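Peer 1: Each chain, letter by letter, is given below.
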Amino acid sequence: MTLKIHQDHSRFKQIVRGKIKANLRKYVQKGEMIGKKGKDAISIPIPFIDIPRFKYGHKEQGGVGQGEGEVGQQLGPGAVEPGEGHQAGQGEGDHALEVDVTLEELAQILGEELQLPNIERRQNERLVTQKIRYTGINTTGPESLRHFKRTFKQALRRQIAAGTYDAARPVIIPTREDRRYRSYKLQNLPETNAVIIYMMDVSGSMGDEQKEIVRIESFWLDTWLRHQYKGLEARYIIHDAVAREVDRDTFFHTRESGGTMISSAYKLCRDIILADYPKSAWNIYPFHFSDGDNWSADDTRQCIEMLRNDVLPNVNQFAYGQVESPYGSGQFIKDLREAVGDTPNVALSEIADKDAIYASIKDFLGKGR
Amino acid sequence: MPKSLTPRLAALRDEIHGYAKEFGLDFFDTVFEMVSYDEMNMVAAYGGFPTRYPHWRWGMEYEQLAKGYEYGLSKIYELVINNDPCYAYLMESNPEVDQKLVMAHVYGHCDFFKNNFSFRHTNRRMIDEMANHATRVRRWVDKIGVEKVEDFIDRTLSLENLIDQHSPHIRRNPDPKRVADELKANEGVEGFKVGREYMRGYINPSEFLDSQRKKVEDEKQRAKKFPERPQRDVLLFLLEEAPLEPWESDILAILREEAHYFAPQGQTKIMNEGWASYWHSTIMTRRALRDDEIIDYADHHSGTMGTRPGAINPYKLGIELWRDIEERWNKGRFGKEWDECDDLRARRSWDKKSGAGREKIFEVRKHYNDITFIDTFLTPEFAMEQKLFVYGFNDKRNSWEILDREFRKVKSKLLQGLTNFGQPIIEVVDANHENRGELLLAHKHDGQDLKGDYARETLKNLQSLWRRPVNIITRYDNKGVMLRFDGTTQTEKKVEL
Numbered sequence: 001m002t003l004k005i006h007q008d009h010s011r012f013k014q015i016v017r018g019k020i021k022a023n024l025r026k027y028v029q030k031g032e033m034i035g036k037k038g039k040d041a042i043s044i045p046i047p048f049i050d051i052p053r054f055k056y057g058h059k060e061q062g063g064v065g066q067g068e069g070e071v072g073q074q075l076g077p078g079a080v081e082p083g084e085g086h087q088a089g090q091g092e093g094d095h096a097l098e099v100d101v102t103l104e105e106l107a108q109i110l111g112e113e114l115q116l117p118n119i120e121r122r123q124n125e126r127l128v129t130q131k132i133r134y135t136g137i138n139t140t141g142p143e144s145l146r147h148f149k150r151t152f153k154q155a156l157r158r159q160i161a162a163g164t165y166d167a168a169r170p171v172i173i174p175t176r177e178d179r180r181y182r183s184y185k186l187q188n189l190p191e192t193n194a195v196i197i198y199m200m201d202v203s204g205s206m207g208d209e210q211k212e213i214v215r216i217e218s219f220w221l222d223t224w225l226r227h228q229y230k231g232l233e234a235r236y237i238i239h240d241a242v243a244r245e246v247d248r249d250t251f252f253h254t255r256e257s258g259g260t261m262i263s264s265a266y267k268l269c270r271d272i273i274l275a276d277y278p279k280s281a282w283n284i285y286p287f288h289f290s291d292g293d294n295w296s297a298d299d300t301r302q303c304i305e306m307l308r309n310d311v312l313p314n315v316n317q318f319a320y321g322q323v324e325s326p327y328g329s330g331q332f333i334k335d336l337r338e339a340v341g342d343t344p345n346v347a348l349s350e351i352a353d354k355d356a357i358y359a360s361i362k363d364f365l366g367k368g369r
Numbered sequence: 001m002p003k004s005l006t007p008r009l010a011a012l013r014d015e016i017h018g019y020a021k022e023f024g025l026d027f028f029d030t031v032f033e034m035v036s037y038d039e040m041n042m043v044a045a046y047g048g049f050p051t052r053y054p055h056w057r058w059g060m061e062y063e064q065l066a067k068g069y070e071y072g073l074s075k076i077y078e079l080v081i082n083n084d085p086c087y088a089y090l091m092e093s094n095p096e097v098d099q100k101l102v103m104a105h106v107y108g109h110c111d112f113f114k115n116n117f118s119f120r121h122t123n124r125r126m127i128d129e130m131a132n133h134a135t136r137v138r139r140w141v142d143k144i145g146v147e148k149v150e151d152f153i154d155r156t157l158s159l160e161n162l163i164d165q166h167s168p169h170i171r172r173n174p175d176p177k178r179v180a181d182e183l184k185a186n187e188g189v190e191g192f193k194v195g196r197e198y199m200r201g202y203i204n205p206s207e208f209l210d211s212q213r214k215k216v217e218d219e220k221q222r223a224k225k226f227p228e229r230p231q232r233d234v235l236l237f238l239l240e241e242a243p244l245e246p247w248e249s250d251i252l253a254i255l256r257e258e259a260h261y262f263a264p265q266g267q268t269k270i271m272n273e274g275w276a277s278y279w280h281s282t283i284m285t286r287r288a289l290r291d292d293e294i295i296d297y298a299d300h301h302s303g304t305m306g307t308r309p310g311a312i313n314p315y316k317l318g319i320e321l322w323r324d325i326e327e328r329w330n331k332g333r334f335g336k337e338w339d340e341c342d343d344l345r346a347r348r349s350w351d352k353k354s355g356a357g358r359e360k361i362f363e364v365r366k367h368y369n370d371i372t373f374i375d376t377f378l379t380p381e382f383a384m385e386q387k388l389f390v391y392g393f394n395d396k397r398n399s400w401e402i403l404d405r406e407f408r409k410v411k412s413k414l415l416q417g418l419t420n421f422g423q424p425i426i427e428v429v430d431a432n433h434e435n436r437g438e439l440l441l442a443h444k445h446d447g448q449d450l451k452g453d454y455a456r457e458t459l460k461n462l463q464s465l466w467r468r469p470v471n472i473i474t475r476y477d478n479k480g481v482m483l484r485f486d487g488t489t490q491t492e493k494k495v496e497l
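Those sequence lines, one after another, are chains G and P.
Per our numbering, the first sequence runs over residues 1 to 369.
Per our numbering, the second sequence runs over residues 1 to 497.
Hints listed in this document are in silico derivations from the structure and should not be mistaken for laboratory results.
Hints should not be assumed to be uniformly reliable.
Derived SDA-like pairs (lysine to any residue); straight-line CA-CA distance at most 25 Å [as the list claims (entries may be wrong)]:
1. P:K67 - G:V101
2. P:K366 - P:I295
3. G:K19 - P:P54
4. P:K67 - G:Q66
5. G:K55 - P:K494
6. P:K409 - G:Q66
7. P:K75 - G:K55
Footprint (simulated), chain G over chain P, 3 or more residues, beta carbon under 8 Å [as the list claims (entries may be wrong)]:
8. 5-17
9. 241-251
10. 273-282
Derived coverage of chain G by chain P (criterion: at least 3 residues anywhere in the stretch with Cβ under 8 Å from a Cβ of chain P; other residues may be distant) [what the hints assert, rightly or not]:
11. 153-159
12. 237-248
All values derive from a computational prediction rather than experimental measurement.
Heads up, the beta-carbon is just placed ideally off N, CA and C, and yes, glycines get one too.
Just chain G, with the same shape it has in the complex:
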């Protein structure tokens, strides 16, 4: 049954969506939002959704309270709720309203606002997963899965057939044989699989600010690709002079010192792809972030070779994001542009600061590959 309120509710959600869309650029730059991420929704603070009135500032107002305490004693945090007092729980106050938005919805908003094309799937939907669905009925099963309605019907049917049903005194007593239980059936679902391979330079020249940019950017890339593919995997590689695979947490929080050999990362990336992600079954997205400072021209040459021969033919798109840092020379992107810039499945982007994240997301995802 639908309630009348659902109209107003969806209108409210529409307005929230509009607000997010209007402020998307701001949200994209802000890292703090990612901290509030739940399993499949994040909460976003929306400014000014309440209706302005002539009213007192609450701090001006103060009020009367009740309870123990000496004069001068502080009231605990949260003891005073901003608001109009007599309308408790209206949530009108100084703080912005926090709204839960599913990642799915957020991805849609991102897509609409940045006008991102849907990704053309390279692989046919070949991979099949099996999913359990409780659609069947069985005569045995655990009591917690008992299907009350079916059991009742069965008992009624039996009683009518046996002539023991009395319409004047309609008491239905199910016996053991009447009981019906929900049971599962296996369903085959086609699924496309995708993997993101994040690579990041963690050498001394990549500071906290640079890493923050990578973290924010990867959140949005993740959100979009997850929206495009169910079952998205992510692998993380960090490198300075050597590369190693790490978990997500380490990826964003490691800081090493020393030189940079990008080829080490590409080599590891290639190995991962060859070992775990056959081209026929996977959509593959390597993303590499660095400040563009490589050890030597020789190493850069190696990188390009590896890209050309082993990486690019296997992946949907290879993306390189160069984060500006005060120490980096920024040479690497120039070399890449020269060597593979024309290749259709390469996306290159320079990210000067947090403001540039917005545009860079479009650089990466705008090709629809």
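We have chain G already, so just place chain P on it with the hints.
Peer 2: Only chain P this time, still in chain G's reference frame:
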């Protein structure tokens, strides 16, 4: 869809109804309906009504209530509408003892709605009226478009608190006929005094007299302010004077009517909730409770009565004050003799066995509102016993703290919070400000500054209704300030008060 009561609950209702009558409560017929938690949240989001005009605000409210319920943070127990018959909702999933408590509580509210003077002018067919409003607004939405209508509602809601809550009870403007008579008496223009009658034509030639008359007329016109006296009901003023489209007028009238309907509930929150709590407690503990329900009842009752340091719980303050009044009138603790007695021991054991408590509280529930209730019956002893204090914000420590426990300050702060529902008092002073058709409002400053960003936003909304520039005079940091919005820019200037 709401359902009627099960036979079992209907029997309980009849039982509670009997007790309520026995105690002398006097209420409209009361219809209880069963709703699911979802419907309960919906009705609560609609301010207690089954239908309202379409607006996103209800959706926002609903989202918050639904979340609060799903996370197990809050739960709405009772909802009752001031209507004849009264409608009240019971939640399906509540245990029996809660249903009994809610029913007893509801009869308390219904008695209050019917008898308290503040509600005398409310529309007792408001359920129908709200449904009509919904239909009217929907019709405008179909004609004008949802965005335009919604936007207009948003802007009007921003002014919703600018009503005159006392207007149903008094006449603000003097009788127009008397005013006209007075004006007439001052009309004549005599010219200069003439000593010799034959000189009249020379001293006061007719051109001169005409020009004098014109001057007087002009003067009068200029002196005649509009509105003649400051008007508190800003919504009414806009409704009558602003250049609104017919659909805008209609919606403004709807919103104003609804604001006036809800106003008495804001004016009697402490009394009303206290009264209902007093009666659920009395009915449950004296009559309706079964032995095995006592623990659950006590748990839920104390949950409702819980206090937090930074807020007044109207249920708690109300019920305690009603009980205090009852006890004082039972023991004869009032009148000259009591007031003049300063022997603490005598006061403490004072009991004249007057037994007039019940009678007194029934009388009080008829003739008081929160302000007069607190003003008359809050005693120093009561404030001390209830551990009331004034709190304020300490900028240096960036936290809220207890400022004072002195009775006078507590009482005046409490009353200040209740005056005009704790909302600033704002009046239309001049609708032809600077002789340019601008609107001038004045904020009656009582020591608290307006929230600046909100005030500026509200001013914008006001301008969009008035069409011409709007101004408001208020005070910040004790200096007169006039905020102005002319349709494109916000300005601010100092003014002498």
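Peer 1: Evaluate each hint against the coordinates.
Peer 2: Taking the hints in turn, this is what the structure says about them:
no.	hint	verdict
1	P:K67 - G:V101	13 Å, holds
2	P:K366 - P:I295	34 Å, violated
3	G:K19 - P:P54	20 Å, holds
4	P:K67 - G:Q66	28 Å, violated
5	G:K55 - P:K494	20 Å, holds
6	P:K409 - G:Q66	14 Å, holds
7	P:K75 - G:K55	29 Å, violated
8	5-17	violated (count 0)
9	241-251	violated (count 0)
10	273-282	violated (count 0)
11	153-159	violated (count 0)
12	237-248	violated (count 0)
When held up to the earlier numbered hints, the structure conflicts with 2, 4, 7, 8, 9, 10, 11, 12 and fits the remainder.
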